[in-house]
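J.: Taking the hints into account, I'd like the entire structure generated from these sequences.
Under my numbering, the residue at position 421 of the sequence shown is numbered 432, and the numbers go up by one with no gaps.
None of these hints come from the bench; they were simulated from the model. Take the hints with a grain of salt, since some may be wrong.
[Said to hold, decoys possible] Pairs of lysine-lysine residues, derived as PhoX-like cross-links and limited to a Cα-Cα distance of at most 25 angstroms, are as follows:
id, residue 1, residue 2
1, K115, K71
2, K175, K211
3, K131, K175
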Amino acid sequence: RDRHGGEFWKFFLPLMVRDFATTLDIFQKVLVDAGRGQDNSALKLECVFELMTIVQRSPKSTVIEFQHRIEEALLTALQQSPGHPLARVIATTLCGLFTHGEFKTIMSVGSQLLAILSPKQAATASIATKCGAMYCLGQLGQHHGGLLMSILCEASAVIVRHLKANEVGIRVAAVESLTMILRGCSNYPMFQSSHAEISKAFSRTSADRSHCVRVATCAGLVVLAESASVFPRDLVDHCIRNFEDTPAVVRCSYGRCLGTILALSVKQSEAKQRKQASQRRPGPAQVDDDEDTSSSAFSVVKQKWISLSRETVTVPTDAVDQALRTLATPFTKPLATLASRVTVEARVCAMAAYLELFERTSPGALESRVRMITDHLLDLLLKSAPDTAQPQVLISHMFITFSNCMGERGRLLVLQELLAFLFTLAPKSTPHPPGAQSTPPPMPAHSPVVLCQLQMVMWVIGR
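T.: Structure below.
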């Protein structure tokens, strides 16, 4: 709008309409040529991307005028075996049509997409077409799930069956589509049966033979944890089981997944404490019989590490302290004394969980626990296994990430705690009588690697 309240788009409306009509005509001609056997995937991608941009920038009346023609063109392009980038753009454009246009035909479009995955058409459809249909259903379910609930419940069951396909691309597309549908529909009561079915499917795909499917499942487990009121007890098993996976991308992905679960547990525990504090009344203490889901999540993770380290650990009360102690075992025990599963890869995965926990926890919660977290990381640094220098380097990186997740005040508090610790390491000078030979004070017994890492951490934080 201008300063007089006028709308600029009214002056550019004829130009937009002309661009809409021109682009759509070119796209339809490209589709006709593709049906005759001409390879023009790049031109189709350019046309769809231009249509997506015009839809996002045009007024609603203009989008409604061309919406039906665009839907038909996009569905036709979907039937012509689009590549992975083109299928993604088609799904985004199709979803944007209903966001900026009207919803009259959304059920019809959902039914046509579901028909592509039906056993009759799936037998003849190409892999790219089936993957594109899954992406489109996932996008529509994520952004307009409430309007397509009946179709999405059926589509979830159909997509789950495609997880048994031999092609890796179909299984990856199925997991990503279920993740998007779960993100948009998990709060609807009608979707609860499909929610349980998707949860069981993710427990199977977390052990899939393809690492691409396992990584995609990791993202689905994160969404599953965010949408569940009670954390599934086997979720931690899926994370720790993949800590020893061969590809590094799988190990890091599941480490971040475990950190996300712990961060969600911290948020849930703090919300429950605030609710109990607001409802607290003077009188006899009330006993809460509800199961603390955060404690159950922590206990499952802790029992996994206890079974690996073969020692008992007391469970602290603070939620953040619980999360920190849960991940400390791979750093505080030498590799030779641990079970075979806790190796260097487990330390890297635990570091990824630490980083994700810091990044997903609010800066206020971190600042209020600066001393506790700093003491915990210092304790890890001083008690880290002396087999290699790798634990010290990882813990230093955790120190830097922890300080970066807070504001300037939080970084200053971290520096103060580190300075106070270094002052405790300074050798104390003792007076000696005149003429007596002075002896140098004893140096601290800490490893030079630890002191060098501390100096590097303070230099990076203080910049």
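J.: Next, verify each hint and record whether it holds.
T.: Quick rundown of the hints versus the structure:
no.	hint	in the structure
1	K115 - K71	holds, 14 angstroms
2	K175 - K211	holds, 13 angstroms
3	K131 - K175	holds, 17 angstroms
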